[in-house]
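S.K.: Top to bottom, those sequences are chains A and B.
Those letters in the first sequence? Residues 1 to 507, per the working numbering, in order.
Those letters in the second sequence? Residues 1 to 169, per the working numbering, in order.
If you are wondering where the hints come from, they were derived from the structure by calculation, not from laboratory data.
Each hint should be verified, as a subset may be incorrect.
To be verified - A few chain A residues that don't get close to chain B, going by computed Cβ distances all over 12 angstroms:
#1 G5
#2 G12
#3 V198
#4 T222
#5 R243
#6 T244
#7 F286
#8 S287
#9 L342
#10 I368
#11 P379
#12 L430
#13 A440
#14 A463
#15 F480
What the hints assert, rightly or not - Derived DSSO-like pairs (lysine-lysine); straight-line CA-CA distance at most 30 angstroms:
#16 A:K246 - A:K292
#17 B:K160 - B:K129
#18 A:K429 - B:K129
#19 A:K250 - A:K103
#20 B:K129 - B:K87
#21 B:K87 - A:K428
#22 A:K103 - A:K246
#23 A:K429 - B:K87
#24 A:K292 - A:K103
Yeah, the Cβ is synthetic: ideal placement off N, Cα and C, and Gly gets one too.
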Amino acid sequence: MEALGSLIQGFGVVADPMNIVYMFIGITLGVLIGVLPGLGGANGVAILLPLTFGMSPTSAIIMLSCIYWGALFGGAITSVLFNIPGEPWSVATTFDGHPMAQKGHAGEALTTAFTSSFFGAFFAVIVITFLAPVIAAFALQFGPAEFFAVQMLTFCSFVGMGSDSPFKVLCAMMLGFALAAVGIDTVTGELRMTFGSVELLRGFDFLIAVIGLFGIGEILLTMEEGLAFRGKSARISATVVWRTWKQLPKYWVTAMRGSIVGCWMGITPGGATPASFMSYGLAKRFSRNGSKFGTGEMEGVVAPETAAHAAGTSALLPMLTLGIPGSPTAAVLLGGLLIWGLQPGPLLFVEQADFVWGLIASMYLGNIAGLIVVLTTVPLFAAILRIPFSIIAPVIVVICAVGAYTVHNAFFDVVLMLVFGVLGYIFKKLSYPLAPLVLALVLGDMAEGSFRQAMLVSQGDLAIFWSNYLVGGIITLALFMLFWPVISTFIRRKSGTTGGTEAVAAK
Amino acid sequence: MDHETESSAPVVSNRVMEIVVAGLFALFSIIVMMDSARVGAGWASDGPEAGYFPFYVGLIMLVSALAIMGTAIFRQTNADSGTFVEKHQLALVLQVLVPSSVFVALVSFLGIYVAAAIFIAFFMYWVGKYPVQKIVPVAVGVPVALFVAFEIWFLVPLPKGPVEAMLGF
Numbered sequence: 001m002e003a004l005g006s007l008i009q010g011f012g013v014v015a016d017p018m019n020i021v022y023m024f025i026g027i028t029l030g031v032l033i034g035v036l037p038g039l040g041g042a043n044g045v046a047i048l049l050p051l052t053f054g055m056s057p058t059s060a061i062i063m064l065s066c067i068y069w070g071a072l073f074g075g076a077i078t079s080v081l082f083n084i085p086g087e088p089w090s091v092a093t094t095f096d097g098h099p100m101a102q103k104g105h106a107g108e109a110l111t112t113a114f115t116s117s118f119f120g121a122f123f124a125v126i127v128i129t130f131l132a133p134v135i136a137a138f139a140l141q142f143g144p145a146e147f148f149a150v151q152m153l154t155f156c157s158f159v160g161m162g163s164d165s166p167f168k169v170l171c172a173m174m175l176g177f178a179l180a181a182v183g184i185d186t187v188t189g190e191l192r193m194t195f196g197s198v199e200l201l202r203g204f205d206f207l208i209a210v211i212g213l214f215g216i217g218e219i220l221l222t223m224e225e226g227l228a229f230r231g232k233s234a235r236i237s238a239t240v241v242w243r244t245w246k247q248l249p250k251y252w253v254t255a256m257r258g259s260i261v262g263c264w265m266g267i268t269p270g271g272a273t274p275a276s277f278m279s280y281g282l283a284k285r286f287s288r289n290g291s292k293f294g295t296g297e298m299e300g301v302v303a304p305e306t307a308a309h310a311a312g313t314s315a316l317l318p319m320l321t322l323g324i325p326g327s328p329t330a331a332v333l334l335g336g337l338l339i340w341g342l343q344p345g346p347l348l349f350v351e352q353a354d355f356v357w358g359l360i361a362s363m364y365l366g367n368i369a370g371l372i373v374v375l376t377t378v379p380l381f382a383a384i385l386r387i388p389f390s391i392i393a394p395v396i397v398v399i400c401a402v403g404a405y406t407v408h409n410a411f412f413d414v415v416l417m418l419v420f421g422v423l424g425y426i427f428k429k430l431s432y433p434l435a436p437l438v439l440a441l442v443l444g445d446m447a448e449g450s451f452r453q454a455m456l457v458s459q460g461d462l463a464i465f466w467s468n469y470l471v472g473g474i475i476t477l478a479l480f481m482l483f484w485p486v487i488s489t490f491i492r493r494k495s496g497t498t499g500g501t502e503a504v505a506a507k
Numbered sequence: 001m002d003h004e005t006e007s008s009a010p011v012v013s014n015r016v017m018e019i020v021v022a023g024l025f026a027l028f029s030i031i032v033m034m035d036s037a038r039v040g041a042g043w044a045s046d047g048p049e050a051g052y053f054p055f056y057v058g059l060i061m062l063v064s065a066l067a068i069m070g071t072a073i074f075r076q077t078n079a080d081s082g083t084f085v086e087k088h089q090l091a092l093v094l095q096v097l098v099p100s101s102v103f104v105a106l107v108s109f110l111g112i113y114v115a116a117a118i119f120i121a122f123f124m125y126w127v128g129k130y131p132v133q134k135i136v137p138v139a140v141g142v143p144v145a146l147f148v149a150f151e152i153w154f155l156v157p158l159p160k161g162p163v164e165a166m167l168g169f
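Excised from the complex, chain A in its bound form:
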């Protein structure tokens, strides 16, 4: 119950009128970002990050996290109305959301999507409220070896739980680590992989990578598909909302399942996208109307949306408590915290309690604000989507360039952004995952630091990673995750049947 007291204190922090204003600005910008192709949660936050340096960290994180919630909401709009997922995690929403819109139930589909999103996010925030202090208190006892073990678990989870080829996951991840190592080594002060270039001294900033990979890469992909937005228009009236809300409670099982799947996938870095697919697959299997999925079933919208939002929100739990982000956007927020001089991790809960609980309180309010904003402004955002791509594309490229430049006021970064853009395009087409690359780039120095500290403590003896039950357990689990693709193939070959959940997750 201590958490409740801290939470009420947090609401006190958020209640500052300016923070409420930032919250609404954030949500609106976020929905806009979620709706526009080429701008998503991760790079949207990355571009706007430099603008918040002048604010107090609490206001800044409230605005940035609200951009994230807004982007999560916004993805559903394009999925339902245009059958074009604005964000990868809303792909599963198109399966039933768009058929609903085609049948003339666009308003209902959107209301369902938004309400489910809200439910999933709310569930995840409650989980964060009560679980975060416990985990943070527990993690206070962590030494370097334990931290490295948790980081290793994070990265191995990508290999074990991703649907992409494990070798591609490893390649992308190692590229992230290698790029993170470029520049001055923080321990010995030696120059690594700079090859005499002054520009490389600074190293690679992950914000530039995020803007390039997700922003420019997405523009190139969208252009290739030759986008023509021909969507349904939507008008959400109070009666539609009310009618939909009356129907929703009967899908509570699906919603709960989606939220739990989402929380699990968000905390372990499975991410929102696989969570939404998994939840959709599970709902299809267990629902009485399972056979009708794909033809415009309301339940088929509830399942992916609850999971995606629960995952997106709960990705902040490991970021706050352990300093390990569960998603690229959480990684960007982590980068923001570091820039403001706040070291995420267990100590944050002790030293910056106001900040942490302010942020958690803002998640409650931000999601309520988000629901209100999206329900009332859908026609506006649908109209924005009708702006032809040949106008949107150059404007987004310009915005990305501005965002890349402002990170370090360096022209070289803008060039890098373009390079990362081409890389992002190629990687997407060959299904190299981008999330491990970004996370490795963010956590590279930290993971290396804790590894080297652990090695110093143990005089180079790897046995330190099995020196007690905790660290040994985590490392063993991590290795299990790492070799899961091999293990699962082995099991499958032995039993001769395909594993149930994998088949759903891989869909």
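Given chain A's structure and the hints, the job is docking chain B onto it.
M.R.: Then chain B, alone, in the frame of chain A:
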């Protein structure tokens, strides 16, 4: 543009692209390992040397890249034989990529605002084929909005060129 349903000539197959990208990964990993070996990838008296961690990162990357390359070369599945990009697709991608590159190059001479105006105007004229009265408001409006937001509101300086200098900024 989705009316171009007739299959356009493939430029490069997925398989070739897989091999090329894996090859680049392998090359990159070798560079990483060589440079890590240069700064010392072993064990010094004061603990692991600077190249210790990156060296193994490079090693894992090399092994993974070779595995991907091997799979692409030896295994013939339908997924690999698809086309990576078709001719008209590549043309569309280059339609964005080339002007964007020129835009970035222009930023260093003209500053970001003027370059942005030229870029947006050119793109709308070339790809969108809009009339001038539609191009001008967007091409001028966006940079001006950016200028107000960054230079005046947030006080974040962006690269400026001779035109802004002439106007006294």
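S.K.: Against this structure, judge whether each hint is valid.
M.R.: Hint-by-hint comparison with the structure:
With a closest Cβ-Cβ approach of about 37 angstroms to chain B, A:G5 is found to remain outside the 12 angstroms limit, as its non-interface label requires. Interface exclusion of A:G12 from chain B stands, the closest Cβ pair being 28 angstroms apart, more than 12 angstroms. Its beta-carbon lying about 16 angstroms from the closest one in chain B, A:V198 satisfies the requirement of being farther than 12 angstroms from that chain. Distance check for A:T222 against chain B: the nearest CB is about 9 angstroms away, which does not clear 12 angstroms, and the non-interface claim fails.
Here A:R243 stays apart from chain B, with its beta-carbon at least about 35 angstroms from theirs, past the 12 angstroms limit. At roughly 32 angstroms, the least C-beta separation between A:T244 and chain B is larger than 12 angstroms, which holds for a residue marked as non-interface. With a minimum CB-CB distance of about 30 angstroms to chain B, A:F286 clears the 12 angstroms threshold, and the non-interface call stands. Its beta-carbon lying about 31 angstroms from the closest one in chain B, A:S287 satisfies the requirement of being farther than 12 angstroms from that chain.
Under the 12 angstroms C-beta cut-off, the non-interface status given to A:L342 relative to chain B holds; the minimum distance is some 21 angstroms. With a cut of 12 angstroms on Cβ distances, A:I368 stays outside the contact zone with chain B, its closest approach being about 28 angstroms. Residue-level check passed: A:P379 sits 22 angstroms from the nearest beta carbon of chain B, beyond 12 angstroms. At the 12 angstroms boundary, the C-beta of A:L430 falls inside the reach of chain B, the nearest C-beta of that chain being 6 angstroms off.
Distance check on A:A440: its Cβ comes as close as 9 angstroms (rounded) to a Cβ of chain B, failing to clear the 12 angstroms threshold; non-interface status is violated. No Cβ of chain B approaches the Cβ of A:A463 within 12 angstroms, the least distance being about 16 angstroms, so the stated non-interface status holds. With a minimum CB-CB distance of about 18 angstroms to chain B, A:F480 clears the 12 angstroms threshold, and the non-interface call stands. For the hint linking A:K246 to A:K292, the alpha-carbon distance of about 21 angstroms falls within 30 angstroms, and the restraint holds.
For the proposed pair B:K160 and B:K129, the alpha carbon gap of about 29 angstroms is at most 30 angstroms, so the pair holds. The straight-line distance between the Cα atoms of A:K429 and B:K129 is roughly 29 angstroms, inside the 30 angstroms bound, and the hint therefore holds. For the hint linking A:K250 to A:K103, the alpha-carbon distance of about 22 angstroms falls within 30 angstroms, and the restraint holds. Our distance criterion of 30 angstroms between C-alpha atoms is met by B:K129 and B:K87, whose separation comes to about 22 angstroms.
Restraint check for B:K87 and A:K428: satisfied, since their Cα atoms lie roughly 18 angstroms apart, inside the 30 angstroms limit. Simply put, A:K103 and A:K246 have alpha-carbon atoms about 20 angstroms apart, close enough for the 30 angstroms limit, and the pair holds. With a C-alpha separation of about 15 angstroms, the suggested pair A:K429 and B:K87 falls inside the 30 angstroms cut-off, and the hint holds. About 14 angstroms separates the Cα atoms of A:K292 and A:K103, which keeps this hinted pair within 30 angstroms; it holds.
Comparing the model with each earlier hint shows violations of hints 4, 12 and 13; every other hint is respected.
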